[in-house]
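Undergrad: Here is what each chain is made of, one letter per residue.
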Amino acid sequence: MSGEKGRILMVDDDPFVVEMLAIILEADGYEVSTAENGEDALAKFTASPDTGLIISDMNMPGMTGLELIGRIRACNASLPAILLTGTDDVDPGQEVDEYLLKDENIQDNISLSVERVLARHAPE
Amino acid sequence: MAFDQSKFLARFVEEAREHCLRISAGLLDLEHSSGDVETLNSLFRSAHTIKGSSRMMKLVAITELSHHMEDVLDAVRGGKVSLSASLADLLFRAVDALSAMLDTVAAGAQLPEAPKVLCGELSTAARTSDIQGDVSPPPHLMPPAVVLAPIEAVPVEVSEAVSAVSPIQESEPNAASSVTTADDTRPAKPTGKVRQMDYLRINAVKLDDVIRLMGEIVSEQGKFRRQVWRLHEIERATERFMVRLAESCRTQEGSVELAEAGAAIHQSLRLAMRSMSDTVIMQDHLVGDLRETSLSLSMLPLSTVFDTLRRTVRDLAREHGKDIDFVVNGGETELDRKIIERIGDPLIHMIRNSLDHGLENPEERKAAGKPAKGLLTLSAFYDGGCVTIALSDDGKGVSAERIRQKALSKRLYDADTLAHMSRSEITNLIFLPGFSTSPIITDLSGRGVGMDVVRKNIVDDLKGTIIIDTKEGHGTTFFLRLPLNLAVFQLFMVSVNGFVCALPATSIAKMLSVHKDEIIDIVHKQAIRVQEQIIPVESLAAILGRPCETEGHTDERLLVIVRDGSEMLGLMVDEILGREEMVVKPLPGHLQNLRLVSCVTIDEENSIVNVLHVPELFRLARELAAPAPTHAPAGESRATILVVDDSFNTREIEKSILEAYGYFVITASDGQEALEMARDQMYDLVITDVEMPRLDGFSLTERLRNDDRYRNIPIIIVTSREKDEDKKRGITVGADAYIVKGAFDQSNLLETVKNLIG
Numbered sequence: 001m002s003g004e005k006g007r008i009l010m011v012d013d014d015p016f017v018v019e020m021l022a023i024i025l026e027a028d029g030y031e032v033s034t035a036e037n038g039e040d041a042l043a044k045f046t047a048s049p050d051t052g053l054i055i056s057d058m059n060m061p062g063m064t065g066l067e068l069i070g071r072i073r074a075c076n077a078s079l080p081a082i083l084l085t086g087t088d089d090v091d092p093g094q095e096v097d098e099y100l101l102k103d104e105n106i107q108d109n110i111s112l113s114v115e116r117v118l119a120r121h122a123p124e
Numbered sequence: 001m002a003f004d005q006s007k008f009l010a011r012f013v014e015e016a017r018e019h020c021l022r023i024s025a026g027l028l029d030l031e032h033s034s035g036d037v038e039t040l041n042s043l044f045r046s047a048h049t050i051k052g053s054s055r056m057m058k059l060v061a062i063t064e065l066s067h068h069m070e071d072v073l074d075a076v077r078g079g080k081v082s083l084s085a086s087l088a089d090l091l092f093r094a095v096d097a098l099s100a101m102l103d104t105v106a107a108g109a110q111l112p113e114a115p116k117v118l119c120g121e122l123s124t125a126a127r128t129s130d131i132q133g134d135v136s137p138p139p140h141l142m143p144p145a146v147v148l149a150p151i152e153a154v155p156v157e158v159s160e161a162v163s164a165v166s167p168i169q170e171s172e173p174n175a176a177s178s179v180t181t182a183d184d185t186r187p188a189k190p191t192g193k194v195r196q197m198d199y200l201r202i203n204a205v206k207l208d209d210v211i212r213l214m215g216e217i218v219s220e221q222g223k224f225r226r227q228v229w230r231l232h233e234i235e236r237a238t239e240r241f242m243v244r245l246a247e248s249c250r251t252q253e254g255s256v257e258l259a260e261a262g263a264a265i266h267q268s269l270r271l272a273m274r275s276m277s278d279t280v281i282m283q284d285h286l287v288g289d290l291r292e293t294s295l296s297l298s299m300l301p302l303s304t305v306f307d308t309l310r311r312t313v314r315d316l317a318r319e320h321g322k323d324i325d326f327v328v329n330g331g332e333t334e335l336d337r338k339i340i341e342r343i344g345d346p347l348i349h350m351i352r353n354s355l356d357h358g359l360e361n362p363e364e365r366k367a368a369g370k371p372a373k374g375l376l377t378l379s380a381f382y383d384g385g386c387v388t389i390a391l392s393d394d395g396k397g398v399s400a401e402r403i404r405q406k407a408l409s410k411r412l413y414d415a416d417t418l419a420h421m422s423r424s425e426i427t428n429l430i431f432l433p434g435f436s437t438s439p440i441i442t443d444l445s446g447r448g449v450g451m452d453v454v455r456k457n458i459v460d461d462l463k464g465t466i467i468i469d470t471k472e473g474h475g476t477t478f479f480l481r482l483p484l485n486l487a488v489f490q491l492f493m494v495s496v497n498g499f500v501c502a503l504p505a506t507s508i509a510k511m512l513s514v515h516k517d518e519i520i521d522i523v524h525k526q527a528i529r530v531q532e533q534i535i536p537v538e539s540l541a542a543i544l545g546r547p548c549e550t551e552g553h554t555d556e557r558l559l560v561i562v563r564d565g566s567e568m569l570g571l572m573v574d575e576i577l578g579r580e581e582m583v584v585k586p587l588p589g590h591l592q593n594l595r596l597v598s599c600v601t602i603d604e605e606n607s608i609v610n611v612l613h614v615p616e617l618f619r620l621a622r623e624l625a626a627p628a629p630t631h632a633p634a635g636e637s638r639a640t641i642l643v644v645d646d647s648f649n650t651r652e653i654e655k656s657i658l659e660a661y662g663y664f665v666i667t668a669s670d671g672q673e674a675l676e677m678a679r680d681q682m683y684d685l686v687i688t689d690v691e692m693p694r695l696d697g698f699s700l701t702e703r704l705r706n707d708d709r710y711r712n713i714p715i716i717i718v719t720s721r722e723k724d725e726d727k728k729r730g731i732t733v734g735a736d737a738y739i740v741k742g743a744f745d746q747s748n749l750l751e752t753v754k755n756l757i758g
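Residue numbers (the numbering used here), protein chains in the order written: chain A, 1 to 124; chain B, 1 to 758.
So here's chain A without its partners, still in its complex pose (with noise of 0.2 Å):
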């Protein structure tokens, strides 16, 4: 794995939210890559296998983030995902590990759920 602690690709369709969530994380110590939409997430995923964790979007033009997630997950189907929304009338059931609310207080639950998503997903 590249970086101190691992790879993250970071998906949303407002590059301000990316880049922001991007600085965070890699304040954090995490390598982290970023997409535009679903089929720029793929490719990118594909180029850098040794990604650890995604976080996407939810509601994007083209793919849906859970849709991305779900085409990840079938060439690595134990990849952590974390799926970001607006609004918290989202149910993404067993689909993702957490589902992280863009609100007011994401700058300091980015870094809390990602560390906890990793920590689940930590080998023994």
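Source of the hints: derived by calculation from the structure; they are not laboratory data.
Careful, some of the hints might be misleading.
Chain B is faced by these chain A residues, among others (derived, beta-carbon under 8 Å) [as the list claims (entries may be wrong)]:
id, residue
1, 14
2, 18
3, 42
4, 86
5, 98
6, 99
7, 102
8, 104
9, 106
10, 107
Keep in mind that this is a model prediction, so the values were computed, not measured.
For glycine and all other residues, C-beta sits at the position ideal for the given N, C-alpha and C.
Guided by the hints, dock chain B onto chain A, whose structure is given.
TA: Relative to chain A, chain B alone:
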């Protein structure tokens, strides 16, 4: 937490501003292609994005407002609510409020709460289903009273006329700026494509430094190239010398070796020269590319200005009660950022001018046999190393007679001088300070800002030119010709009597070499006939006050035809040295009052070359031709102003302000008293309140206008009534200016007074 939010604020503001612009542009597009789902979706997404990112930045007020906008747009998208003109207005107001909040954030100030009333209106609008019995979005969401028409309404001739002005139209239209050409019915796409490129944020100051240095390098490269050619000539001379030396040495014993050694040195000189020439040629290419590339760094498409104007035009036309189509072309034409930044205000003023004086009311248009809907066209195209922006209306055109009358009533020139002015000289009068053909100065026509300011911006600040092409009854077109950038200037170097000076390429219309007999004498003035046009001719030496040899060595005369507005002038010069791309420098502070020199540049001999200010050349040429221009005696006697107000305080305040600026002031306490006073004595200007006992200000104005002596005397109405009906009433009764007391301050009043009577 390592994340420093403040560093990210600027980024947020910038993106949110882009989305605001997109929402504005989208709303305007929807007025043409109502119900376009793609556009509606992109509007919704923009509001949604602002909401999302502002929430993450903890900017609660922005989140709240954009959330309400999102709700409204969602309702429109779902067909629950129709996008009426009033709803569009509401959304525009919300965008304005949002932009204002972004400004606050950008300024680092504390964000106030979301505007409650506006949010309330939005949330009501989102819930109110106003479509009777029809749930799906109707084909035309706009009621017929809306200013901008659906696409089909644009007559076909229009698009032909437009393509005639704008050759650039051929190229791929910029989606954001292509509006209503008849053949382009596609809805404007959101500019999303551009996003996928990689962008880098660069401090504008650093960028300017790079461009400035590039300009210096281009100038230096030119000098270097010429020096290399000079060396080349020296090398050739050396070669010829060596040949002769070798010949003369052949006869003398022992000198052959010397000659051979000399030839060897020459040979290495030649090789060195050859590789130096190659290097110069290569560098010329590279420097040329560097120049293009670095200038393009700061080039922006004109659509950045044009797109915001669409909104302005819509609002202005509605306020004016005028029904017009606004057609924009050539938004993809690129200009230097610094020019783009400064072109907006002059354009707005010119558009106001067209709405005020050019485009008629629907009734007047019908009476003149024109379609009820007016047409305002804004186009841009590349034009010989410059960019031309054309603003064209199909209104009533500029009436030479009205301009003449106005100039007379403003005492700018006397009747005799005016009678002798050519049509283009008359048209150019609208650029004189204080001149405005407007029958009224309203909030819209911009208090105290006239076409003179437009010209100052374009000609003095941006080194461009303005040309007016007007046909009475058929419309007016303003052509703004601008340099592509302000860093490197296209200059023509000319010489008179060995004195070298430069003229900006933007103001040069033609250069001719003519036989001296082609220059004709017309009443003590020299002139030349070029394509059925008589253009006055003056020797540049005479204008510059330098001795000039009246009889040249040859019969050929070199003429540089320069233009200023619609006027042309032929400058006789000794030599045209060539066109150069030069870095120009502003004059140092203590020399900035020099009217004849607009800036300077440095030539290859490191001497300073003056860049001449073309409008001043025109003025001096006129003075030479007519030694005594008859300006009316301004300021010889103090102007007398009648101030009418029933409030003693207001009266006295206005009086003291005006007196401080040298006017003589008499006061009256109501309309009746004023009317009686005006009968006994003539005043140069009347300032009146509206609400007064006995006779109000409107009636006073009306009665004064019925008096022949007061027909052309300026009248200013100062009032607290700011309703449009009242302003219109002010216009109909014949006031020259309408100042709302809320916006009233002393400079406002003074400026208006100065504008009207000087």
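Undergrad: Taking the hints in turn, state whether each one holds.
TA: Checked hints:
no.: 1; hint: 14; verdict: holds (5 Å)
no.: 2; hint: 18; verdict: violated (11 Å)
no.: 3; hint: 42; verdict: violated (16 Å)
no.: 4; hint: 86; verdict: holds (5 Å)
no.: 5; hint: 98; verdict: violated (17 Å)
no.: 6; hint: 99; verdict: violated (15 Å)
no.: 7; hint: 102; verdict: holds (6 Å)
no.: 8; hint: 104; verdict: holds (4 Å)
no.: 9; hint: 106; verdict: holds (5 Å)
no.: 10; hint: 107; verdict: holds (6 Å)
This entry does not satisfy hints 2, 3, 5 and 6, going by the numbered hints stated previously.
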